[in-house]
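There are 2 protein chains.
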Amino acid sequence: MPTDIEIARAARLKPIAAIADRAGIPQEALNPYGKFIAKVDTSAIPDFASKPDGKLILVTAISPTPAGEGKTTTTVGLGDGLSRIGRNTMIALREPSLGPCFGVKGGAAGGGYAQVVPMEQINLHFTGDFHAITSAHNLLAAMIDNHVYWGNALGLDTRYIAWRRVMDMNDRALRSTVSSLGGASNGFPREDGFDITVASEVMAIFCLAKDLPDLEERLGRIVIGRTRDKRPVTAAELKATGAMSVLLKDAVMPNLVQTLEGTPAFVHGGPFANIAHGCNSVIATRAALKLADYVVTEAGFGADLGAEKFFDIKCRKAGLKPAAAVVVATVRALKMHGGLAKDSLAREDLAALEAGLANLARHVENIRKFGVPPIVAINNFTSDTAAEHDLIRSFCRNHLGVEAVICRHWAEGGAGTEELANKVVALAEGGEADFAPLYPDVMPLWDKLETVAREIYGAAGLVADAKVRARFAELEGAGHGALPVCVAKTQYSFSADPTLRGAPSGHMVPVRELRLSAGAGFVVAICGDIMTMPGLPREPAAERIHIDANGQIEGLF
Amino acid sequence: MPTDIEIARAARLKPIAAIADRAGIPQEALNPYGKFIAKVDTSAIPDFASKPDGKLILVTAISPTPAGEGKTTTTVGLGDGLSRIGRNTMIALREPSLGPCFGVKGGAAGGGYAQVVPMEQINLHFTGDFHAITSAHNLLAAMIDNHVYWGNALGLDTRYIAWRRVMDMNDRALRSTVSSLGGASNGFPREDGFDITVASEVMAIFCLAKDLPDLEERLGRIVIGRTRDKRPVTAAELKATGAMSVLLKDAVMPNLVQTLEGTPAFVHGGPFANIAHGCNSVIATRAALKLADYVVTEAGFGADLGAEKFFDIKCRKAGLKPAAAVVVATVRALKMHGGLAKDSLAREDLAALEAGLANLARHVENIRKFGVPPIVAINNFTSDTAAEHDLIRSFCRNHLGVEAVICRHWAEGGAGTEELANKVVALAEGGEADFAPLYPDVMPLWDKLETVAREIYGAAGLVADAKVRARFAELEGAGHGALPVCVAKTQYSFSADPTLRGAPSGHMVPVRELRLSAGAGFVVAICGDIMTMPGLPREPAAERIHIDANGQIEGLF
Chain A
0 MPTDIEIARA
10 ARLKPIAAIA
20 DRAGIPQEAL
30 NPYGKFIAKV
40 DTSAIPDFAS
50 KPDGKLILVT
60 AISPTPAGEG
70 KTTTTVGLGD
80 GLSRIGRNTM
90 IALREPSLGP
100 CFGVKGGAAG
110 GGYAQVVPME
120 QINLHFTGDF
130 HAITSAHNLL
140 AAMIDNHVYW
150 GNALGLDTRY
160 IAWRRVMDMN
170 DRALRSTVSS
180 LGGASNGFPR
190 EDGFDITVAS
200 EVMAIFCLAK
210 DLPDLEERLG
220 RIVIGRTRDK
230 RPVTAAELKA
240 TGAMSVLLKD
250 AVMPNLVQTL
260 EGTPAFVHGG
270 PFANIAHGCN
280 SVIATRAALK
290 LADYVVTEAG
300 FGADLGAEKF
310 FDIKCRKAGL
320 KPAAAVVVAT
330 VRALKMHGGL
340 AKDSLAREDL
350 AALEAGLANL
360 ARHVENIRKF
370 GVPPIVAINN
380 FTSDTAAEHD
390 LIRSFCRNHL
400 GVEAVICRHW
410 AEGGAGTEEL
420 ANKVVALAEG
430 GEADFAPLYP
440 DVMPLWDKLE
450 TVAREIYGAA
460 GLVADAKVRA
470 RFAELEGAGH
480 GALPVCVAKT
490 QYSFSADPTL
500 RGAPSGHMVP
510 VRELRLSAGA
520 GFVVAICGDI
530 MTMPGLPREP
540 AAERIHIDAN
550 GQIEGLF
Chain B
0 MPTDIEIARA
10 ARLKPIAAIA
20 DRAGIPQEAL
30 NPYGKFIAKV
40 DTSAIPDFAS
50 KPDGKLILVT
60 AISPTPAGEG
70 KTTTTVGLGD
80 GLSRIGRNTM
90 IALREPSLGP
100 CFGVKGGAAG
110 GGYAQVVPME
120 QINLHFTGDF
130 HAITSAHNLL
140 AAMIDNHVYW
150 GNALGLDTRY
160 IAWRRVMDMN
170 DRALRSTVSS
180 LGGASNGFPR
190 EDGFDITVAS
200 EVMAIFCLAK
210 DLPDLEERLG
220 RIVIGRTRDK
230 RPVTAAELKA
240 TGAMSVLLKD
250 AVMPNLVQTL
260 EGTPAFVHGG
270 PFANIAHGCN
280 SVIATRAALK
290 LADYVVTEAG
300 FGADLGAEKF
310 FDIKCRKAGL
320 KPAAAVVVAT
330 VRALKMHGGL
340 AKDSLAREDL
350 AALEAGLANL
360 ARHVENIRKF
370 GVPPIVAINN
380 FTSDTAAEHD
390 LIRSFCRNHL
400 GVEAVICRHW
410 AEGGAGTEEL
420 ANKVVALAEG
430 GEADFAPLYP
440 DVMPLWDKLE
450 TVAREIYGAA
460 GLVADAKVRA
470 RFAELEGAGH
480 GALPVCVAKT
490 QYSFSADPTL
500 RGAPSGHMVP
510 VRELRLSAGA
520 GFVVAICGDI
530 MTMPGLPREP
540 AAERIHIDAN
550 GQIEGLF
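Chain order of the listed sequences is A and B.
Position 305 (the first sequence) corresponds to 304 in numbering that gives the first Met the number 0; numbering is contiguous.
Position 466 (the second sequence) corresponds to 465 in numbering that gives the first Met the number 0; numbering is contiguous.
Any given hint might turn out to be false.
It does not matter which identical chain is used: a pair holds within one copy or between any two.
What the hints assert, rightly or not - Okay, derived cross-link-like pairs now, DSSO-like style, lysine-lysine, Cα gap no bigger than 30 Å in a straight line:
(1) 316 x 238
(2) 368 x 320
(3) 248 x 320
(4) 34 x 13
(5) 368 x 289
(6) 238 x 209
(7) 34 x 466
(8) 341 x 466
(9) 248 x 34
(10) 466 x 13
(11) 289 x 34
(12) 466 x 229
Source of the hints: derived by calculation from the structure; they are not laboratory data.
Input sequences plus hints: build the corresponding full structure.
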């Protein structure tokens, strides 16, 4: 089998105008970025707003392990499978972040015969959305310090400025800094620091806004700090939001690309799945629903984090009603959940597999709590055995009452997901879906978090010290009690302990901090360590990345 | 007269494919960015390398004053004028920097009826070149700190890391920082800081490289610091240059846009005119020369800085032979050089004008020292009088032996520069040009700088303390003696004192510091204060910039 990059290079891409045509997007609505990428101006699509919505299919996964699950590949593969069986389909994915490409992991555009292309551009600057978000974020930061410099009319307490700067780079040296040094003409020295761009609240806002005016209104609600008498100060008070919106004006248009098999895909927005909600933009998802009968999308991390936030934040706020959810698992990852080490995954081990199925089972049951019918996709690996596949299928059928379908999109593209596609259609059209968020808006923030902990994580409850509890009360008192809670915790376990695989229960979830993202419209509950600026490894991928003698990029993937 | 933005909005732009067609660029060579901008892949233009070169016309100016000269407008106007008189013409300009758009000045794409469009995109993210340069620069910075973090095998002395970070933002708080605070996992704390992106050596390299392989080689030569035993350490030793080149792979293709009258223009690259050489990319200029019979380009600041660096750095290194140079002046600015205050410029004052002509005279004589025939363009203002115009024309004819042509491109577009265009053609085709740099490569660095000071600035000589003199010797000893010298000094005067207007002489030029830009291929001589990260004013333009109810950007220009 050729490598991902060999497959991507061998692909004959269709001109983006042909892909747009297939998606029912007229040429007037296209703003091309090169030959194979275009931003789509939906206001130029006739009768766009009055079109009926297609069916929304979420692809989520078991708790991630080092073995890998293949959520993005399955999303792309399912999209291609639906296309193959004659459904008018679009895919909606997050944009990859540039920083991590130079670290360990390489790109994020699928793999094998289930990729979105052109993968090099998608993984690098793409259409510049993340650069625009970086600029908008940092303009606000510059205006805050500039406001203080020129007299601080708003009376900002510079010890409590909550708005850090951002860069789309893995750069640990910027995590914690002191800025405005070097004398009076450089301002008032203070503690400062940088997050990676995907952790910016501007990114979360970008992905939750329904249009540009809504985006601007949300930017205005960002709380950047407080006065000495503890009054919150917003971006609107700094008069920053008009210019920030101008910087984001083109970026908000969704980016159209194609899969290797020519299925149209929107790749747009990409908030961190820990400090934010971890799914592509509402604008792209809603546009795709207008254009296609089936929209396949994915959410970050495992279903306990990604799907829960997709449902409780994105779907709740955007009024989306998912028709079905695909839970991706691999035999290898399930065996790790069952206790095997990574170097023992190649051999058949039905006992470990059976033990690991507890993780899958919990996720499947959780999906049902949102009124969304689940189905299991087993992303096939060459080391899988027939007995292992049989065990998963019978377990799913007998114990969970769901179908488990073996998928071979990595090796076969859409042909490898036809069975999954047919079953997803049957599920989505079966009338079973009756989506509702897990908790109502009116529930207190503490109770919302406790509900997620008990219902989704299998926890016994929350633990938090007095200061954190006081912060819950403070945010309720300030009128933020109706917001949903965005949990930042380890993605590797249902618990807050990343080493607890499988389906731990009865644990307590430690709440360390509560942060307000008033513009995005959620409260972040930090349950464990959270890293908002990654570092580079000892031998970063950047050292191997180069342009070869044929002008092709090597080492990026 | 409508405002710049009203004119730009009223313009009916031609599709970029039509502009490309006019420039002889086939569709296969176009990578569109929206409907009116494209990057041009010159390798897809048949017989490109073997085409003969057109004639290169430099637009430069007198020493700038607060009255304004209109160098960019004149460049655009002359391009349109040459088109009108039937010459196959292209324009080559710098890209505007994003940061300053939010400060005082607004955009930089010409004005009146002499603009390049679409001006909003050009002034904002454009094709993302500056973002790509920012990313490449900061990737190297991250790799430096990462190298130190993981053991510092190269033995970098962290007190002498010369590679700061960059951001395309006016943000004084970032000028001087301490980074890597917050504990061992964030690295080794050190003094650090940010420059604005246009001040990056990557920007200078980008603009001087002849192609992508040359770019990569130059990136590798960047000296980022030194070891404890004072050995210089390069970007190549950090293995950063492959990934940096990958980030710049698309950016190096020149950006094609159009003037309001449909003249094709490359707008590409934009290094600071103080710490760097201040003109658009060699790649764009050379491509324009292959495509057009006449190429009009501009250089930053007045001719003492901009034209001198254009000739001694860009033309020397890229093998360009300018055919003529236009020195732009205004009656108002000349009267300021003659001693008038800004609020007294509206009334006729022949005595002040005559006194101020000394500044123009020095610049015109300087141009001749490079073997390039000069011509003077008087950018007309409505307050100018016939007597003032007559005085300039007769002074130029009788004392300088050059033509001075009144230009009305701001109000009339190319129709207002037809006379200038005809005279530029006569000059360029007169066989008078015999370009040579001011000094040879082999002259010692100190003597090169002294030559510029005496010949161009009218100075009596240089002053420098022992430490600075030792630095000259150090760079000579390290093998950098053959590089040209890039002077960073005030643009407002021939001297180092910005308040000395007119044509001061006999002054001494203080040399404060000598910096090596080994990748760009020059040595920066800092003669006075130099600001590499601007700040925002008390009431930044950003506060007024917004999207209006019709979806149009207000306040940017």
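Each hint tested on the structure:
In this assembly of identical chains, residue 316 and residue 238 lie within 30 Å of each other by CA distance solely inside one copy; the values are 26 Å within and 46 Å between copies. Taking the shortest Cα distances, residue 368 and residue 320 sit within 30 Å of each other inside one copy (14 Å), while across copies they are farther apart (74 Å). In this assembly of identical chains, the alpha carbons of residue 248 and residue 320 lie at most 30 Å apart only when taken from the same copy (28 Å versus 42 Å across copies). In the homo-oligomer, the alpha carbons of residue 34 and residue 13 lie at most 30 Å apart both inside one protomer (9 Å) and across protomers (19 Å), since each shortest distance falls under that limit.
Taking CA atoms no more than 30 Å apart as the test, residue 368 paired with residue 289 passes inside one copy only; the shortest distance there is 27 Å, against 66 Å between copies. Taking identical chains as interchangeable, the C-alpha atoms of residue 238 and residue 209 lie at most 30 Å apart only when both belong to the same chain, with a minimum of 22 Å there against 43 Å between chains. Taking CA atoms no more than 30 Å apart as the test, residue 34 paired with residue 466 passes in neither setting, with 55 Å inside one copy and 55 Å between copies. For a Cα distance limit of 30 Å, the shortest separation of residue 341 from residue 466 qualifies neither inside one copy, at 40 Å, nor across copies, at 60 Å.
Taking the shortest Cα distances, residue 248 and residue 34 sit within 30 Å of each other both inside one copy (22 Å) and across copies (16 Å). Taking the closest pair of Cα atoms, residue 466 and residue 13 never come within 30 Å of each other, the shortest separation being 57 Å inside a single copy and 62 Å across copies. Within a single copy, residue 289 and residue 34 get their C-alpha atoms as close as 24 Å, and across copies as close as 24 Å, so both meet the 30 Å cut-off. Taking the shortest Cα distances, residue 466 and residue 229 sit within 30 Å of each other inside one copy (16 Å), while across copies they are farther apart (51 Å).
Checked against the numbered hints given earlier, this structure breaks hints 7, 8, 10; the rest are met.
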